[in-house]
Amino acid sequence: MISVADLIQDSRVPGNYFEYRSYVRGELEMGLLENRRGDRLLAVPDTLIAALYEGLAKETGQAARLVLFNCGKWWGKSFYSRFVEWLTEYYGMPVADMEMQLFGLCLQECWRTHGWGRFELDIAHQEQGFLVVKTRNSPYAKPLPKMHRPSCHLEAGVLASFFSRLSGRELTAVQIACESMGADRNEFVLGLPERLKPAVAGVEEGLDREAIWARLLA
Amino acid sequence: MNRQLQELIARAEERFLADGDLKVLESYVASIPDRLETYRILRDRELTMVQAVADELSPSLPGVAEADLKKALQGLLLVLRYCAMGILTDDEGLLKQQLLGWLEQVSGPEAKKVNEVVYKLFNQQVRQHLNETQMNLLQPFLTTAQVTLIY
Chain A
23 MISVADLIQD
33 SRVPGNYFEY
43 RSYVRGELEM
53 GLLENRRGDR
63 LLAVPDTLIA
73 ALYEGLAKET
83 GQAARLVLFN
93 CGKWWGKSFY
103 SRFVEWLTEY
113 YGMPVADMEM
123 QLFGLCLQEC
133 WRTHGWGRFE
143 LDIAHQEQGF
153 LVVKTRNSPY
163 AKPLPKMHRP
173 SCHLEAGVLA
183 SFFSRLSGRE
193 LTAVQIACES
203 MGADRNEFVL
213 GLPERLKPAV
223 AGVEEGLDRE
233 AIWARLLA
Chain B
4 MNRQLQELIA
14 RAEERFLADG
24 DLKVLESYVA
34 SIPDRLETYR
44 ILRDRELTMV
54 QAVADELSPS
64 LPGVAEADLK
74 KALQGLLLVL
84 RYCAMGILTD
94 DEGLLKQQLL
104 GWLEQVSGPE
114 AKKVNEVVYK
124 LFNQQVRQHL
134 NETQMNLLQP
144 FLTTAQVTLI
154 Y
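Protein chains in written order, with the numbering used here: chain A, 23 to 240; chain B, 4 to 154.
If you're looking for bench data, these hints aren't it; they were derived computationally from the structure.
Backbone N, C-alpha and C define an ideal beta-carbon position, used for all residues, glycine too.
Among the clues, some could well be false.
Here are some chain A residues the structure puts well away from chain B; computed CB gaps all over 10 Å [unchecked claim]:
1. Gly37
2. Glu56
3. Tyr75
4. Ala85
5. Val106
6. Gln150
7. Lys156
8. Arg158
9. Met169
10. His170
11. Ser189
Below, simulated EDC-like cross-link-like pairs (lysine to aspartate or glutamate); rule was C-alpha separation at most 20 Å, straight line [claimed, not checked]:
12. B/Lys99 to B/Glu10
13. A/Lys164 to A/Asp206
14. B/Lys73 to A/Asp119
15. B/Lys115 to A/Glu121
16. B/Lys26 to B/Asp71
17. B/Lys116 to B/Asp71
18. B/Lys74 to A/Asp32
19. B/Lys74 to A/Glu41
20. A/Lys156 to A/Asp144
21. B/Lys99 to A/Glu41
22. B/Lys99 to A/Glu131
23. B/Lys73 to A/Glu121
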């Protein structure tokens, strides 16, 4: 016997936590944009991201990639904690008890509502030890000039850190397709660093995503 | 609020409202008593109606896991709440844009069979509580939900 009253939490029925109109709030007279929990949101202009890229490249040269990747890792670490906290509180259950489908959808909606583009989690290669994330309209690819190698290092760092904490294993992320190279999407492969070595080498050699996948699955 | 009215309000600095625009507003204002009454009924009888659906649901779908039935009922509660708010504000976009896409994805294609029974039972329930005018206000919202979640 199902009790409908038990499906309602304090008169609330949880739906889409990141639904734009419920999620983005603010006290505009105070100059504050906030999310539904009162955490501050910022609208970052493309030009700021472009300026960060340029400044870092000028000051650190090739190390800029690593700096951005590590910045992404720091961001991903706290992003994961907050994300889990939000979902646990809103859906009234620990993330470990949540269906993977719901968790993935929340992540997708979170990405979209924050203006980070479209996010897709592809688990087709999970059995081989790879998770794939595809993003479109990424704000981290758009400010880049036409590139010859995948260049969303910040995004790669966020994903590596987020999924490491989710899986409890130290994963890394390698980007194998990039909108800044004219691809229709950014594609990141996540997995154990040892397993992803062929992908890292493939990117260095300038191989395309199909060739890199062929090496990974060989 | 009704998107047409929202758009008219947002254009305040452009022009005064024409008679035709005011007719839209008048028609909405005239419908408010019925909208309020329908909203109150849906709000006050939410539990009664959905519990009645829940009670008939398990015997109608004996092979389906209770977790899947609960998920469908939770979806129905959300739909009902968005329908009620949509009726009050004459805004069908609220249900379509803010809820149905999400519900469709979160439920998955296998939920369609359960939803078919859920909405059949809910339609029977709601007809016992609403008169014809109130039903006419609810029906477009309910049809939209059914089209998305069943077909």
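Here's how the hints hold up against the structure:
{"no.": "1", "hint": "Gly37", "verdict": "violated, 5 Å"}
{"no.": "2", "hint": "Glu56", "verdict": "holds, 19 Å"}
{"no.": "3", "hint": "Tyr75", "verdict": "holds, 34 Å"}
{"no.": "4", "hint": "Ala85", "verdict": "holds, 41 Å"}
{"no.": "5", "hint": "Val106", "verdict": "holds, 18 Å"}
{"no.": "6", "hint": "Gln150", "verdict": "holds, 24 Å"}
{"no.": "7", "hint": "Lys156", "verdict": "holds, 16 Å"}
{"no.": "8", "hint": "Arg158", "verdict": "holds, 17 Å"}
{"no.": "9", "hint": "Met169", "verdict": "holds, 33 Å"}
{"no.": "10", "hint": "His170", "verdict": "holds, 36 Å"}
{"no.": "11", "hint": "Ser189", "verdict": "holds, 22 Å"}
{"no.": "12", "hint": "B/Lys99 to B/Glu10", "verdict": "holds, 18 Å"}
{"no.": "13", "hint": "A/Lys164 to A/Asp206", "verdict": "holds, 12 Å"}
{"no.": "14", "hint": "B/Lys73 to A/Asp119", "verdict": "holds, 15 Å"}
{"no.": "15", "hint": "B/Lys115 to A/Glu121", "verdict": "holds, 18 Å"}
{"no.": "16", "hint": "B/Lys26 to B/Asp71", "verdict": "violated, 46 Å"}
{"no.": "17", "hint": "B/Lys116 to B/Asp71", "verdict": "holds, 11 Å"}
{"no.": "18", "hint": "B/Lys74 to A/Asp32", "verdict": "holds, 18 Å"}
{"no.": "19", "hint": "B/Lys74 to A/Glu41", "verdict": "holds, 19 Å"}
{"no.": "20", "hint": "A/Lys156 to A/Asp144", "verdict": "holds, 8 Å"}
{"no.": "21", "hint": "B/Lys99 to A/Glu41", "verdict": "holds, 12 Å"}
{"no.": "22", "hint": "B/Lys99 to A/Glu131", "verdict": "holds, 16 Å"}
{"no.": "23", "hint": "B/Lys73 to A/Glu121", "verdict": "holds, 14 Å"}
Hint check: violations occur at hints 1 and 16; the rest are consistent with the structure.
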